[in-house]
Amino acid sequence: MSPATLTPEPAPAAPRAPLTKKALTADHPTWCPGCGDFAVLASFYRVLERLQYPQEKIVTMAGIGCSSRFPYFVNTHGGHFIHGRSLPFSAAISLSRDDLHVFAFGGDGDGFSIGGNHLVHTARKNIRMTYVIMDNSVYGLTKKQTSPTSPVGFKSKTDPTGAIDQPINPMRTLINSGATFVARSHATQVNHMTEMMERAARHDGFSVVEILSECVEFYEGAFDAGNPRKGGQFRLIENHDTSDLVAAYRLASEPWPGVFGVFYEASRPTKNKLEAELISKARERTKGASDLELLQASFRKAR
Amino acid sequence: MTYMTIPATISGGPSIFQVRMGTGDILSAGDQADLLVAFYQDSYENHIGFLRPGGVLLYDADHVKPDPEDRRFTAVGLPITSRTVEAVGGSSKDKGKNLFVLGLLARLFELDVAKLTGLIRDRFGGRAEDIVRNAMLAFDAGYGYPTDGLRACFFRLEGPQVSAGGRPQVTLDGNTALTYGLIAAGVRYGAGYPITPWSSIMETLRTELPKYGGTFVQTEDELAAIAYALGFAYSGHLAVTGSSGPGLSLKMEALGWATMAEMPVIVINVQRGGPSTGLPTNVEQSDLLQAIYGSHGDSPRVVLAPRNVEECFYVALEAARIARKFSTPVIILTDQGLATRIEAFDEPNLEALMANPSVDLAERGADFKPYPLDSITRHAPPGARIASGKYPTVSGLEHDELGHPSGNPQMHQKMTEKRREKLRTLAGEVPVPEVYGDPEGDVLLVGWGSTWGPIREAVGRLRADGAQVGQLHLTQINPLPLGLGEIFRRYRHVLVIEMNDQGVYGFGQLAMLLRASLALAHIDSVAKTDGLTFKVSEIVDGVNRRLSLNGHGARV
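From first to last, the protein sequence lines stand for chains A and B. The first sequence runs 115 to 417 under the working numbering. The second sequence runs 77 to 632 under the working numbering.
Next comes chain B alone, as it looks inside the complex (with noise of 0.2 Å):
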C-alpha cells in the first residue's frame, strides 16, 4: 500500500511517498517506517521522526549530513547524486536518482525486477528513446550497487500468493479503481470540471469512454458538469459526474432538480480538506453532511463510500445498481487518500460483473405514468413513443403523476413521501454490516470511507491489550441500514472515527447522524482535521482518552 503526500504548490516542493510491503493484508499506510529513504537534507530533518529506533536511514551523502550522535538509526550513506550522473553520463546532471535507489530498493527487497523495468518503459515510453535510456541506466546502477550488509537488515519477502479464489492480483491507485468500476457497471457518458484530486478519474473516463462508444465532456464549469451528466441520464444513459469538495457544492442545486425529476446519476466526491480551497491535496471526511443534507428542500439522498482501493471498484457497481432500481442520485464519497493510495486486490470477475449500457426505447404503454405514486419512477428517455400519445416532461416544479406542475398541497405530501419512501425501501434492502472482532463487551469503532485500515488495525491492538472491541463499517451511510441500534446496545461505548471535526456539539459528522437517528446517547466521537490519515496509535490513543474520560458510564 503507498500514501502520497504532496504539496500544494505549483512548482512543487517536498514530496513525500510512503511504501508499506507484505505478503498479508496491508490495511494501513502503517505509523513507523522502517527505511527511510531521504534525497535532501529536509528530507532528513522533517522525516527522521517518522523512523522507528533500529531501523535503516539511507541518504544521499553528496547532499544530506545527519547527525553523527543521534544513534537510534542504522544509519548508510550512499553517494546516489554522483553515482546517478555517473551512470547515466553526459549533460543529464542528476536526474533519475528516484530510478537509482528504486533499483537499490529492488535489489534490497527482492522486488521483480523483470515488471519495474516493463513499468519504467512504459512511463517514459512515449518520449525520446534517450529518455528510457537513461532511466535503465539509473535503475541498473542502483541495482548494482553493493547492498549486502544492509540486505541482511530486512526479511525476504515470500513470492506473491494466489488467493483463495485462484484470482490474480491487480495494483490500482483508488481512482482508477473506481473508474474502472464506472465502466462495468455501464456508464458511458460523464462531464466534469477539473478539481483535484478528482481529475484524474475524469482523465481516465476521457481517454476510455470513446473506446467503448461513449464520451465524457469537460464543461465550462461545475454546474455546467451536473447538468450534462443529468442531460445524459434524460438521454437514457447512466451518467457520472464528479468533483471534489467546493465543486459538489456547486452542484448542489441541479442535484435538488435531480431529486424532484427522480433522475438517475451518480457524484463522485473525491473529498479534501476544507471548507473552501482549504487544502487541496490533503485528506479529510468533512463532506459527508454535504452529501447528505446539503441542497434546498427535502432532498433525500444516496451516500456510499468505499473503504479501500477494491471497494472503489465495487461501489461504483453498487451506486449504478441504485442510480438505476430507484432513480435517483447516488453520491460516492472517497478521498485524497484512497484517490492517489496504490494498493493490490484480487482482480474482478468481469465476466460476471459487466452491465449493460443499452438505452430502453421500447415503446411505453398507454397507461405510462412518469412519476406514479403507487410506484418507483421509470424514466422514459426521448425516442421512445409513449402508446397514449401524451408526451412526458420531466420537470423540477412540483408535479401530479402524469409530470404537470402543481401546487396542490396534497400533491406536494404525497410525492415528498414518494421520494423519501424509495429510500426508506433501500434501507431495508441492505444487509446490517459484519460485526469484526468481539460480537459484544467494552466499545464498538464505527467508520467510514478510508479509515477502515486503520481502525481494523486499532482493534487488534486493544484487543491485545485486553478490551473487548468490534469493529463496524459502513459503507451505506445514507440511508443508513436499519438493525445498527441493536448492534450498538451491545457495547458500552461505541466510538465514530472519522476525519473531521468535532464540531459546535463535540461530534463529528457520522456521529451527529447515528446519535440523531439512533437517540443512543453512547455514541461518541474521534475525531481529527490534521490532513493526514489516521496512524493506529492515534485511535488506539483516542479511544483510551474518551473511555478514561468518560469512566464506564456513556456521556448523556
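Bound-form chain A, shown alone (with noise of 0.2 Å):
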C-alpha cells in the first residue's frame, strides 16, 4: 500500500529453489499424538507448495490456545501473540504491507470467544488475509473446560453435569459478520481441507477456513458425525450459489454434522484497496509533496 515506505529489496542473485515442506518446517508440533492439528499443519504445507510464494513474504501468526502454537511450527515470519488479539495484529501487517501473504491460526475459544469482537470487525472491514479456525470445541491447553463451540450437554470441568449454553453457530456467526469468504472442513479430510485453504489464500478479502479438528485428549470423537471412517457423514455443498447470502444461511442452519465446503464467496473492496484510494487522493491533493514539505506547510498554517 505504501511504496513510498518500502526500501527496496535486493534481488535475489540467483533464481530459487522451490518451496518444498522441508524448507517450510520448523519446530516438531507439541500437540498431543492423534490430535487433529497434525493433518492441518501438513495441508498447509501443501497450500504453501502449491501456491509458491516467496518464503519470506509468508507471514504465520496466532494467538493462544493448542492450535496457536501453530506458527513455531511453520519456517516463516510469524508471531504468536496474546490470547483472542491475533487478528487486529495480523490485518495490522497485511494494512500495511501489501507484499505480504498473512495467514492467522487459532482456535475456537481464539476465534469465537474471547477474540469475537476482533472476528466480526475484521471480517466487515474485509481485510485481506486467511484466518484459520481449528475448532476441536473444547478449551485443550488448559485441560477441558467448556468451549464457545462446546455442544449443550457437553461435560467438563467448568459444566461438570453438561454444558447449558447454546453454542455458537460458526457458519452462521461469520456469514452474518462480512467475511467475504467462509468455508468450513473437516481436519480428516485432508484434500477438502488443502483444497479449502487454498481457494481461501487466493481470494481477495477477508477469507475464513473453519477446521472441525478434534482433540484427542478431552473430546474425543467430536467430530464422528462428519467422518466416514468413524460411521459418520462428510456430506459435500452442493448446487449452492455461494454469492447468495441467504441460502448461505440455511446451508449454515443445518443440524450437526452439517455440511462441508464454500458457504459464501462475494467480491467486496477490500479496506487494503480502500485505504490505498485514500492515500492516493490525499498525495494527488497535496501534488507529491515531500513529507518535510507537508510536514513545513503544517507548521506555516499555524505562524
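Worth flagging that the hints you see were computed from the coordinates, not collected in a lab. Since the model is a prediction, treat every value here as computed from it, not as a measurement. There could be a bad hint or two in this list.
As the list claims (entries may be wrong) - Short derived list, chain B residues pointing at chain A, Cβ under 10 Å: (1) 116; (2) 248; (3) 265; (4) 285; (5) 287; (6) 289; (7) 299; (8) 302; (9) 308; (10) 310; (11) 313; (12) 337; (13) 427; (14) 459; (15) 468; (16) 469.
Unchecked claim - Dumping the calculated DMTMM-like pairs for lysine to aspartate or glutamate here, alpha-carbon to alpha-carbon at most 20 Å: (17) B:466 x A:163; (18) A:415 x B:423; (19) A:415 x B:427; (20) A:415 x B:386; (21) A:401 x B:284; (22) A:415 x B:198; (23) B:466 x A:141; (24) A:415 x B:422; (25) B:171 x B:138; (26) A:171 x B:436; (27) A:415 x B:145; (28) A:415 x B:249.
No residue lacks a Cβ here, since even glycine has one placed at the ideal position from N, Cα and C.
Each chain sits in its own coordinate frame; assemble them with the hints.
Laid out in C-alpha cells, this is it:
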C-alpha cells in the first residue's frame, strides 16, 4: 500500500529453488499424538507448496491455545501474539505491507470467545488475509473447560453436569459478520481441507476456513458424525450459489454435523484497496509534496 | 497561553476559556484574571472571585446584572447580545456574540486583526457563505464598538518578537504539537479508539497520515488498537497508539507482550481525572504508576512526560529515538490541560529533525538471532530474507535467543535481566536535568509533566520571599536519570509537586517512586486532585505548609 516507505529489496542473485515442505518445516509440533491439528499443518505445507510465494513474504500468526502454537512449526516469519488478538495484529501487517501473504491460525476460544469482537470487525473491514480456525469445541491447553462451540450437554471441568449455554454456530456468525469467503472443512479430509485453504489464500479479501479438528485428549469423537471412517457422513455442499447470502445462512443452519465446503464468497473492496485509494487521493491533493514540505506547510499555517 | 475548562456533559454547559497574554515567557495560566468577560449571570456569579481586585468586568448588559454594591472592580456593561443581533441582522438570533467580543478584545489589546479574520475565514470557510459573512459582521461590530475609555486600563503589548534563534513563532495546542512530532519522528501508521481527551490526536493522524503514504485505523476497541500498533511495528514501521487513563488499562496485556517480544511502539496517554470514567474533561497526573508498573510480570517501561506544548513536539521525537534504539514500548504521558492548551513556541527546524520512515528489508546474516542475550534485539520484519533459512517467530512466551519457547529457569532469569538492563543503559544515557534557581538550600521543587510552568513561577515567588529554592523537572520519569540523589541531598527539603493523590502512604506517585528508588527520607509531597491545573499560589502555600509542618528537620 505504501511503496514510499519500503526500501527496495535486493534482487535475488539466482533463481530460487521451489518452496518445499522440507524448507517450511520448523520446530516439531508439541501437540498430543492423534491431534487433528497435525493434519491441518500438513495441509498448510501443501497449500504453500502449491502457491509458491517467496518464503520471506509469508507471515504465520496466531493467538493463544493449542492450535495457536502453529507459527512455531512453520518456517516463515511469524508471531505468537496474545489470546484472541491475532486478527487485529495480522490485519495491521496486511494493511501496511501489501507485499506480504498473511495467515492467522487459532482455535474456537481464540476466535469466537475472547477474540469474538475482533473476528466480526476484521471481517466487516474485509482485510486481505486468511484466517484458519481449528475448532475442537473444547479448551484443550487449559485441560477441558467448556468452549463457545461446545454443544449443550458437553461435560467439562467447568460444566460437570453438562454445558447449558447454546453454542455459537460458526458459519452463521461468519456469514453474518461480513467475511467475504467462508468455508468449512474437517481435519480428517485432507484433500478437501487443502482445497479450502488454497481457495481462501487466493481470495482477495478476508477469508475464513473453519476446520473441525479433534482434541483426542479432552473431546474424543467430537466430530465423528462428519467422518465416514467413524460411521459419519462427510456431506459436501452441492448445487449452491456461493454468492447467495440467504442460501448460505440456510446451509449453515442445517443440523449437526452439517455440510462442508464454501458457504459464501463475495467480491467487495478490501480495506487495503480503500486505504490505498485514500492515500493516492491525498497525494494528488498535495501534489506529491515531500514529507518535509508537508509538515513545513502544517507549521506555516500555525504561524 | 490558554486553558480550557469544559463540562463533561453531552449537550453543552458552561465552558470557560482562559487566555494569558504577554511578550515574555508565559509559564502558567495565571492565578487571577485581569479581565473577565461574562456572557450570562451564571458566569458572572461563578467567576467573579477569579477577577483580581481592580480588574475589569466586561458583561453583557442584556443578560447580566452585576452586584451594584461590589466596588472592587471596574464594571463595564455592554449590550453584547443586542449589538450582535443588530450587526448580523435577520433571524440569526444572538449567534456570533463570541465573535463580537473577540472583535472588541482585538481592539482593546491591539491584536493582529488580519490574522484573526483569516482564522475566522478558515474556521467557517467550509460552510455556507452567509455564515462567514455573519461571523465577520459580528467581529467588525465588536471591533468598531467605542472602547476608548477602557483601553487606558490595559498595557499595550509589544509587537511579536523574533526569538534569539531567529525562528518564527508557531501557535499550537499540545495534542497537535505531539501529533506533528510523531510525523517528524517517522511515524506513518497508528491505531486508536476514541476517548476524551486523546481523540484529537487520532483525528489529526487519520487526516494527515495518508498524505505521507501511511494510515491510521480506527479500531473496534482499545485492545485492537494496540494490537494493530504492534502489528504495524512487527511489519517494520514505527507505530503509535494512544488513549486516556481507562484505555491505557485496557492496553496493558498487549504492552506486556511488547516488552516480552521486544517490539518498539509508542503509546500516548492523555491523562484525565480517574479512576474509571472519573473526570473525563479535567486534568490529573494519576496514571504515572499505571504507566510504569501497570501490566503483569516484570515489565520494565520507558515513560516520558512533556512539560509544555513545545515539548509535546520534541518528546515524540525522543520517544521514537528510544523505541527504535532499545526496541521497546515507550509511553508518553501528557494530560488534559496540556492537550487543549494553546501556546506559542519557536518553529522547529524540521530539515534537521525529520526521521526516515523506511522499513529495513535487507537480508539478515546467517548468524541472525531474534533475541540475542549479548546485544539489543533488532527485529527482522517479514519480507527480510534470513541467510540461515531459519525464519523467526516473535513470541510472548519466554524464549531462547532464537525465539523458541523456553521454560528453562536460567533462560527466564537471563532474558528478564536482558530486558531490564537495556533500560538501565538508557538511564545512564539521559543527562541529569538541570536545576533552575538556587543550586542548594532550603527546598528543591520536583515536578513532571504540565506542572512545570506553575512550579517555575512558584520558585520565583518563594525566592522573592527570601527562601533558597531550586526546581528540577523530569521529562524521562522511567528509567530515572542517574545522579538525582546527589542533587537532592543539597537541599533540606525535596518537595514533589503533582496532580495526584497522596495515597495511603502520604506521598504522590512520583514522590513514592523517588523515595523508593533513592531511599531519601527528606522527599515529601505537595499533591492535589481537584481536576484543575496548579495555581502558583497553591504551590507556594503548599510548600510553606509543608515546611512549617516539618520544621527544619525532615520527616522520617
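A quick look at each hint next to the structure:
no. : hint          : in the structure
1   : 116           : violated, 32 Å
2   : 248           : holds, 5 Å
3   : 265           : holds, 5 Å
4   : 285           : holds, 9 Å
5   : 287           : holds, 4 Å
6   : 289           : holds, 4 Å
7   : 299           : holds, 6 Å
8   : 302           : holds, 8 Å
9   : 308           : holds, 5 Å
10  : 310           : holds, 6 Å
11  : 313           : holds, 6 Å
12  : 337           : holds, 7 Å
13  : 427           : holds, 7 Å
14  : 459           : holds, 6 Å
15  : 468           : holds, 7 Å
16  : 469           : holds, 5 Å
17  : B:466 x A:163 : holds, 17 Å
18  : A:415 x B:423 : holds, 11 Å
19  : A:415 x B:427 : holds, 17 Å
20  : A:415 x B:386 : holds, 16 Å
21  : A:401 x B:284 : holds, 14 Å
22  : A:415 x B:198 : holds, 10 Å
23  : B:466 x A:141 : holds, 10 Å
24  : A:415 x B:422 : holds, 14 Å
25  : B:171 x B:138 : holds, 14 Å
26  : A:171 x B:436 : holds, 14 Å
27  : A:415 x B:145 : violated, 47 Å
28  : A:415 x B:249 : holds, 13 Å
Checked against the numbered hints above, the structure breaks hints 1 and 27 and satisfies the rest.
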